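Asks: Can you build the whole structure from these sequences, using the hints too?
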Amino acid sequence: MLFNSFEFIFVFLPVTLLVFWRIGGIGHHRAAIAWLVGASLFFYAWWSPAYLGLILASMLFNYAVGVALGSRPHKGLLVFGVTANLALLGYYKYANFFASTVSDLGGLNWHLEHIVLPLAISFFTFQQIAYLVDAWKGEAREYSFLHYCLFVVFFPQLIAGPIVHHREMLPQFAQPNVYRMNHGFLALGLSIFTIGLFKKVVLADNLAPYASEAFAAVARGTPLTFFEAWRGTLAYSFQLYFDFSGYSDMAIGLAAMFGIRLPLNFASPYKATSIIEFWKRWHMTLSRFLRDYLYFPLGGNRKGPVRRYLNLLLTMVLGGLWHGAAWTFVAWGTLHGIFLIINHAWRALRKRLGWSGDSALGDWTARVLTFLCVALAWVFFRAADFDSAMRMMQGLFGLNGFVWPGSGAEFGIVGLWLFDMGIQFADTDYFKGGRDVLIMGLLLTFVWRAPNTQEFMADHLAPGTDKTPPTIRWRPTRAWAMLLSGAALFSVLRLSQVSEFLYFQF
Amino acid sequence: MQSYVRTFLTTLGGALLLVVGFNWGMNPYGLFPAPAITGINAYKPELSRRQYVAYPYEVTRVRPQVIILGTSRAMHIPTDQTAWSGKRSYNLALASSSFYEQFRLFQHAVASGGVETVLWGIDLFAFVRQSHPDFSERRLRVDPQGRVQGFNPTSYLRDAIPGLLSGDALRSSVKTLHRQNEAEDMDRRLHANKPARIRSAGGQRRMFLRLEQGVVDLRPGESQVENMDLDSFRHALRFAHARGIDLHLFISPEHARLLELWEALERGETIVKLKRELVRMNHEEAERAGRRPFPLWDFGGYNSITTEELPALGDTETHMQWYWEGSHYSEATADLIVARVFGTPHSDIPRDFGVQLDSGNVDGYLMSARAARAAYRSAHPADIAELDALLRRSGRASRHQSMADSAG
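Protein sequences appear in the order of chains A and B. Using this note's numbering, the letters of the first sequence map in sequence onto residues 1 to 506. Using this note's numbering, the letters of the second sequence map in sequence onto residues 507 to 914.
Hints are computed from structural coordinates only; laboratory data are not their basis. Keep in mind it's a predicted model, so treat the numbers as computed, not measured. Glycine included, each C-beta is placed from N, C-alpha and C at the ideal position. Keep in mind that the hints are not guaranteed to be accurate.
To be verified - Between beta-carbon pairs, the in silico distance windows are:
1. A:Ile115 / B:Gly750: 50 to 58 Å
2. A:Gln424 / B:Gln636: 33 to 41 Å
3. A:Asp429 / B:Arg899: 15 to 23 Å
4. A:Asp292 / B:Gln636: 34 to 42 Å
5. B:Arg786 / A:Thr222: 38 to 46 Å
6. B:Thr516 / A:Leu442: 52 to 60 Å
7. A:Ala409 / B:Lys681: 32 to 40 Å
Said to hold, decoys possible - So, partial list: chain B residues that the calculated Cβ filter (under 10 Å) puts toward chain A:
8. Met507
9. Gln508
10. Leu515
11. Gly519
12. Gly520
13. Ser637
14. Gly669
15. Leu671
16. Ser672
17. Gly673
18. Ala675
As the list claims (entries may be wrong) - Only some residues are given here: those of chain B computed to face chain A with a beta carbon under 7 Å:
19. Val511
20. Phe514
21. Thr517
22. Ile667
23. Pro668
24. Asn867
25. Tyr871
26. Met873
27. Ala877
Replies: Structure (structure tokens):
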């Protein structure tokens, strides 16, 4: 079920909440948890009932292994458990990719039937691997199976994260106030959910056509000119941003309605002034998982700079592959790995040379440069294949010329100078001139300057930590309620144009 | 916090109820059993934007005795004809539909009850057309084998919810309310705003050229009659015989310039072959059913309607009597077709407009069309030269040249 669907908003969510409070309110906490687990499984099965068995089996297996590891930490059992999880993920996610790669390399004619990727498998596999490792370390408490199920399938975070840690989730369900309707939680949850819904259906979905048509054009082999390629690439950068930001807000908002606080997953990543900072702001729970369960076990930064850089690169390549079984994702991960290495090397150099000065100009240069690197890397993330990505790059670097739509008359005398600079004036298919520049400029200003949801709601999410000017801070007033209900109405009226979240495919 | 939640939910709930109530009442796509009130919502200009969604439901409610089927060409046939006066009629023609989709709508309308007479405008390209993205089998009362299916509430909800609760529906409701003053000439609305449409398109010769350019750009595939979906045609005939439907078929009158273009694109032979096939199938199915073949009229070919002169380029004031552009005929032409097919008196019908094809006359008729074509070409050298230039610009010169030489 999609968060941005009628059935979710008008049927599933109200029924799930009301029944949960009703059962929990009379003290039947276990029954309320059971209800929430059942509802979450229904939420999952609505999409692909065929894989309900798979997720149940996976939970049963991991719970059993976790309990065994908790009572007797045995490394062999841990390796077995982790391998089994990776094998499951490998089969569903990478078997086709592996077969086609081996087939291409060896000139063989291998062919596998197309295997459908079960929804959320990348997310629930990672969460459970983390649980097994912690159980082996003796850091996982003994939870009941019902609680364990809730930790894996709690519907706000089941499909596309955040990748939650059992330590931050399960103790919250021990709080008695979770089981009663709390107007404070509900007000917060409704507001955050609405902001997320608006980002998704109004911003991301309206940007999607710009991105799709440009990437479809390069996939067809059409060369794009400079401005067309940049419009497509920026549109995708913003689409993905608002899609994932919207989803993360909705997940946090939904959990908040139950009085549960999900970890932050998205914190204005395009404001980052370095790639290192970008990864502390984008898909934060994935970065945390990769750091704790891949980068650190590989040795992290404890084995000298060369090993550190290799570990970084390997972590990012695997992180890329986690997003999808294709060489374009490997390329995306590799690019980010290289960016991170350069970033760390640059920091080390600065430290050695004793450069420490911070300036607004320096910050902005770094922010723009970081954004450009991230946007260029998204080309590989989005493109249908390598050839399409390279074709897009040609356009982005101006190899197919610079064409501004129309006659250039609007530029007056400057038009002649632009013409001398190599800008042609002719019809363009994927760039509409000043209007597009304005849209992209506004979006860029927004992602760089506007407060994010957690800053906007800082008084209630994390008191005392924000820097947002008080004028645009959310408060539980009548005016805010009416404004946000207007945003909710506007979003609901766009729900009939169904669109999935981009992160559902990972 | 409690008052915040209350304000949020009541504002949102109230606004949603208003939207739902307004959309239900205005009923812009005819999806709900809301009363039709003259001056408020009786005229539904937005319905044609949602034809594929709305028509299956509306035809079930209207239960017409006469239906018109076909593509956007047949959409121009007004339903207020004397030929069927006193009967409920409904124009069920769908823009850009394939013949299969038309056949399924035909089955659906018959299953909904009451259909006695059908006027079916046949466009030969509908036999090669892909399914329209808005078409869905789930809305129909019968499966492709003709078995009646019960009402499917889930399917209805999938259409009704966006019809009640979407920005699109809200915009359509507002437009419906706004445009009630256009309702007077409801059936002939295209005719009513003809001058404005022609002016904004830059005159009718420009409209012809734009369509012709589109036809050339499409580079119609080398589809052979053998690959076309003629099974749907056969099934339609069989279904009509089985249900005792009074079916009238006609091939749309394309303008002579378009026929010239088909010849230049080497589609002429296919069209002749296709017409022969339709006649043969009509004959075979009638024999099988032990009934007379359905009347099958051909309004295509070179006759005094299809060879109508075009205004000069840039002339936005002169209006053609019989055409919008080469493919879409006017309401006046539609009236002639209906009069000819149903044998109702009409003072303007030229003698050469419309021939009823049967297995006895089809060969002779198609032969005589060749002579008529030669006459058209020699009488309209400027039109031929214009098409020639169009083809040359589009890289079709060599083919056309050889055709021009052979015809010359």
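Asks: Now, for every hint given, state plainly whether the structure supports it.
Replies: How the hints compare with the structure:
1. A:Ile115 / B:Gly750: 50 to 58 Å: holds, 52 Å
2. A:Gln424 / B:Gln636: 33 to 41 Å: holds, 37 Å
3. A:Asp429 / B:Arg899: 15 to 23 Å: With a Cβ separation near 20 Å, aspartate 429 (chain A) and arginine 899 (chain B) satisfy 15 to 23 Å, so the hint holds.
4. A:Asp292 / B:Gln636: 34 to 42 Å: violated, 52 Å
5. B:Arg786 / A:Thr222: 38 to 46 Å: holds, 45 Å
6. B:Thr516 / A:Leu442: 52 to 60 Å: At roughly 33 Å between Cβ atoms, leucine 442 (chain A) and threonine 516 (chain B) fall outside 52 to 60 Å, so the hint is violated.
7. A:Ala409 / B:Lys681: 32 to 40 Å: holds, 35 Å
8. Met507: holds, 4 Å
9. Gln508: holds, 4 Å
10. Leu515: holds, 8 Å
11. Gly519: holds, 9 Å
12. Gly520: holds, 9 Å
13. Ser637: Status violated, d = 20 Å.
14. Gly669: For glycine 669 (chain B), the interface hint holds, since the closest Cβ of chain A sits about 9 Å away, which is under 10 Å.
15. Leu671: holds, 7 Å
16. Ser672: Because about 4 Å separates serine 672 (chain B) from the closest Cβ in chain A, which is inside the 10 Å limit, the hint holds.
17. Gly673: Since the shortest Cβ distance to chain A is 4 Å, the answer is holds.
18. Ala675: holds, 8 Å
19. Val511: holds, 5 Å
20. Phe514: At 4 Å from the nearest chain A Cβ, phenylalanine 514 (chain B) passes the 7 Å test, so the hint holds.
21. Thr517: With a minimum Cβ separation of about 4 Å from chain A (threshold 7 Å), the hint on threonine 517 (chain B) holds.
22. Ile667: holds, 6 Å
23. Pro668: holds, 3 Å
24. Asn867: violated, 49 Å
25. Tyr871: violated, 45 Å
26. Met873: The hint is violated - methionine 873 (chain B) has no Cβ within 7 Å of chain A, the shortest such distance being about 45 Å.
27. Ala877: Violated, about 45 Å.
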